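Listed below are the residues making up each chain.
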Amino acid sequence: MSTKQEDIDVSVWRGDPHSGNYENFKVPAQESQTILDVISWIQQNQDATLSYRFACRVGMCGSCAMMVNGIPRWTCRTHLNKVLNGNKLVVAPLRNLPVIKDLVTDMDPFFDKWIAAEGLHHPSKTRLDPIEEIEPKSIGRVEIDTGIECINCSICYAACDTVTNNSDYLGPAALQRAWTVYNDVKDADKQTVLDAVSGDGGCLNCHSQGSCSVHCPNDLNPMNAIAGLKRATVASLFSRKG
Amino acid sequence: MIRPHRKHSLWLAYILHRISGFCLAVFLPFHFYLLALALTEPDRLDGFLSWTDTPIVKLAEFGLVFLLAVHFFGGLRLMALEFFPWSTSQKTLAALAIASAFLVATIFFLQVI
Ligand code: SF4
Ligand code: SF4
Ligand code: FES
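Chain order of the listed sequences is Y and B.
Counted the way my numbering counts, the first sequence spans residues 51 to 292.
Counted the way my numbering counts, the second sequence spans residues 1473 to 1585.
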């Protein structure tokens, strides 16, 4: 990108839970500018009432995700020159989540579903037992490896059309989390996990469209994890006594 | 217009599978009806069969075979994706292998007829 000062046309969604519209801003282009930089510039120089969310600015906390030109992205690590469409940028709150104000969404449904998917640790030992040794190369541990890098940004959740069409669907991140718990040898209650993920809003809703895996900023593969849960669900049909 | 978050090959594969499935489902009742003619009204069936020799119908048949192939391999792809815990590249290779096998078989078939 050239270093000369050009203005970018930025449309930003403004509104409350009930209504809203895009507001246009002109933002001076700079080198190595991220989408979060653009939004912050607007908030600092043009309209202090613009609401948005961020914390770490380095892709760790997962709080800055927004729709950028129609694609869910982590804005702190998305460079403007990578996504600029001509001279235009459209920034909106994440899909599939209720809007609180402007670019801020209510993440509650997303996190509630982590719990609903039993993405929790079910302890098998007390503090008096020795720590269980996990062989890093063991199959279950390798399977868990990528899933636990999830930063809870909800980008996959925003990308998933199944979530759009079925508000009960647990969604890619929660199911991926459940898959890591299911493969954890330290977890004592795998059947509860399986029951939670194979019900109405569970893994069998997934159409393997793969938007979750394509857009995950950490290159995780929730679609694969969900396929694993589907296999486990089918296998349990045969292993359970009728 | 395809929405931006859907512009990737996995979504394309998904939508092709859906559309081909729908088209085949629409086609099947006609297909069965026609086959039933062989039992009930053989003359009309013969009349229809000679109509199928026209180029436009041949083209439509090509479309039909294409739909079938798309749906068949779309289904195989899905089953491999969901039921084999392979790495992604292994699955791509498997899909490629089946596709080439199909290609060879079709070319062979075309030469025979
Ligand atoms: S693969 Fe499944 S979870 Fe991922 S985006 Fe598609 S439907 Fe949603
Ligand atoms: S799986 Fe990826 S996209 Fe989904 S919440 Fe975790 S880090 Fe974000
Ligand atoms: S601000 Fe923390 S991930 Fe972007």
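Everything labelled a hint here was simulated from the structure, so no lab data went into it.
Fair warning: this is a prediction, and the values are worked out from it, not measured in the lab.
Watch out, some of these pointers could steer you wrong.
In the DSS-like style, the derived pairs of lysine-lysine whose C-alpha atoms are separated by at most 27 Å in a straight line are [stated by the list, open to error]:
#1 187/Y - 76/Y
#2 240/Y - 175/Y
#3 1479/B - 132/Y
#4 187/Y - 240/Y
#5 175/Y - 138/Y
#6 138/Y - 76/Y
#7 187/Y - 175/Y
#8 1479/B - 138/Y
#9 187/Y - 1563/B
Some, not all, of what chain B presents toward chain Y, calculated at C-beta under 10 Å [stated by the list, open to error]:
#10 1475
#11 1482
#12 1516
Ideal Cβ placement from N, Cα and C applies to all residues, glycine included.
Going down the list of hints, with the structure as the test:
no.: 1; hint: 187/Y - 76/Y; verdict: violated, 52 Å
no.: 2; hint: 240/Y - 175/Y; verdict: holds, 15 Å
no.: 3; hint: 1479/B - 132/Y; verdict: holds, 16 Å
no.: 4; hint: 187/Y - 240/Y; verdict: holds, 21 Å
no.: 5; hint: 175/Y - 138/Y; verdict: violated, 56 Å
no.: 6; hint: 138/Y - 76/Y; verdict: holds, 10 Å
no.: 7; hint: 187/Y - 175/Y; verdict: holds, 23 Å
no.: 8; hint: 1479/B - 138/Y; verdict: holds, 19 Å
no.: 9; hint: 187/Y - 1563/B; verdict: holds, 22 Å
no.: 10; hint: 1475; verdict: holds, 6 Å
no.: 11; hint: 1482; verdict: holds, 3 Å
no.: 12; hint: 1516; verdict: violated, 41 Å
Comparing the model with each numbered hint stated earlier shows that hints 1, 5, 12 do not hold.
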